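> So that you can map any letter, position 116 of the sequence shown is 117 in the working numbering, and since no number is skipped, the others follow by simple counting.
Hints in this document: simulated from the structure, not taken from any laboratory. Just so you know, these numbers come straight off a predicted model, no measurement behind them. Check before you lean on any hint, since a few could be wrong.
[Said to hold, decoys possible] Cβ pair distances, simulated, as ranges:
no. : residue 1 : residue 2 : range
1   : ARG108    : PHE140    : 30 to 40 Å
2   : ARG107    : GLU295    : 26 to 36 Å
3   : GLY91     : ARG175    : 21 to 31 Å
4   : SER81     : ARG175    : 46 to 56 Å
5   : PRO125    : GLY272    : 28 to 38 Å
6   : GLU295    : GLY188    : 31 to 41 Å
7   : ILE84     : ASP126    : 19 to 29 Å
8   : PRO79     : ARG107    : 35 to 45 Å
9   : HIS113    : ASP142    : 41 to 51 Å
10  : ALA161    : GLU253    : 12 to 22 Å
[What the hints assert, rightly or not] Simulated crosslink set (EDC-like; lysine to aspartate or glutamate; CA at most 20 Å straight-line):
no. : residue 1 : residue 2
11  : LYS243    : ASP304
12  : LYS65     : ASP142
13  : LYS251    : GLU271
14  : LYS65     : ASP124
15  : LYS65     : GLU148
16  : LYS243    : GLU148
17  : LYS65     : GLU143
18  : LYS65     : GLU102
19  : LYS65     : ASP30
20  : LYS65     : ASP50
Even glycine gets a Cβ: it sits at the ideal position worked out from N, Cα and C.
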Amino acid sequence: MTASEAPRRILIAVGGNAIHPGGITGTVDEQRALAARTGDALLPIMAGDNTLVITHGNGPVVGKILMRQAIARDRVAPMSLDICVAHSQGGIAYLLMQALENALRRRGNRRHVVCLLTQVEVDPDDPAFDDPTKPVGYFFDEAEAREVSRTLGWAMREDAGRGWRHVVPSPEPRHIVDISLVQAVIGSGAIAIAGGGGGIPVVRQADGTRRGIEAVIDKDLCSAHMARVLGLDVLMILTAVKHVAVHFGKPEARDLATVRASELRAFQREGHFAAGSMGPKVEAALRFVEGGGERAIIAHLDDAVAALAGETGTQVLPD
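Work out the full structure: start from the sequences and follow the hints.
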């Protein structure tokens, strides 16, 4: 793909497990190194002539914030989950903003990266509030999960064969409160980091005011919604795997390269994509292309440039 053929209006969603993978302790040095890796992976895209929005996950980080609160609950008053999301959104975006600009400056590029603390409205009557499904934080074995549930009152659920995790409500994103500010930032030529962790969940009250509500919105669904509202051409979801696969973990497993929306929707209905891992990414990709987007991509963070060029990853196209 030549520079003239490169997509011009892009949203890149960086997964929480890509920027805070399992197996790390979460030290500042580790987080800075991971943010720098993200900057290096995205540099050729950031340096291009394009409109660019970046979102990010927060599942591992917000879960750790909740665990810190639980450990210190007898000495420090805990914060509500919406405030924990805001803390994770600001902290992750700060590290990303700095790392992305540092990568650009080393290239001699003066493009700015702007972080926007983003509220996202949800429906207070969303059925997700009665059925927590969004996994956050640490993995536990079953015995540990039962003990955590007993002592902290957390809902725990097995997560795609990888262990047990704390699950919280994950309502549908309805309206991105600050979308006009995102538009203003990208209209200036800067890169906007927005909607981190799916956005801070809020509800609108009868008098038009807003208040936070305890939930974690799915980052990929929020990203698809934001990309559609902004009229962007490409949604790229970067994660810790190279492709979407059907029959995952089985001898007949098969990676999907280029797939039409109707075919991917059929695979989804057959139950190929776990709710706690690939399921939301596939749903977000489908919503984007079915809603008028030109292309959705699901790929590994390190393959971002090649995936945008259509050379790797799972490329989801409209019918």
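> For each hint, tell me whether it holds in the structure or not.
Here is what the structure says about each hint:
1. ARG108 / PHE140: 30 to 40 Å: At 37 Å between Cβs, range holds.
2. ARG107 / GLU295: 26 to 36 Å: With Cβ atoms ~31 Å apart, the hint holds.
3. GLY91 / ARG175: 21 to 31 Å: holds (22 Å)
4. SER81 / ARG175: 46 to 56 Å: violated (20 Å)
5. PRO125 / GLY272: 28 to 38 Å: Given a distance of about 30 Å, which is inside 28 to 38 Å, the answer is holds.
6. GLU295 / GLY188: 31 to 41 Å: For GLY188 against GLU295, whose Cβ atoms are near 20 Å apart, the range 31 to 41 Å is violated.
7. ILE84 / ASP126: 19 to 29 Å: Between ILE84 and ASP126, where Cβ atoms are some 22 Å apart, the hint holds.
8. PRO79 / ARG107: 35 to 45 Å: holds (41 Å)
9. HIS113 / ASP142: 41 to 51 Å: Once the Cβ atoms are compared, 45 Å apart, the range 41 to 51 Å for ASP142 and HIS113 holds.
10. ALA161 / GLU253: 12 to 22 Å: holds (18 Å)
11. LYS243 / ASP304: The given pair, whose Cα atoms are some 8 Å apart, holds under the 20 Å limit.
12. LYS65 / ASP142: Judged against 20 Å, a Cα distance of about 17 Å means the pair holds.
13. LYS251 / GLU271: Given pair LYS251, GLU271 holds - Cα atoms ~15 Å apart, limit 20 Å.
14. LYS65 / ASP124: Distance ~26 Å between LYS65 and ASP124 Cα, so the pair is violated.
15. LYS65 / GLU148: holds (17 Å)
16. LYS243 / GLU148: violated (35 Å)
17. LYS65 / GLU143: holds (19 Å)
18. LYS65 / GLU102: violated (27 Å)
19. LYS65 / ASP30: The hint holds at about 17 Å.
20. LYS65 / ASP50: Distance of about 37 Å is beyond 20 Å: violated.
Going down the numbered hints, you'll see the structure goes against 4, 6, 14, 16, 18, 20, while the others check out.
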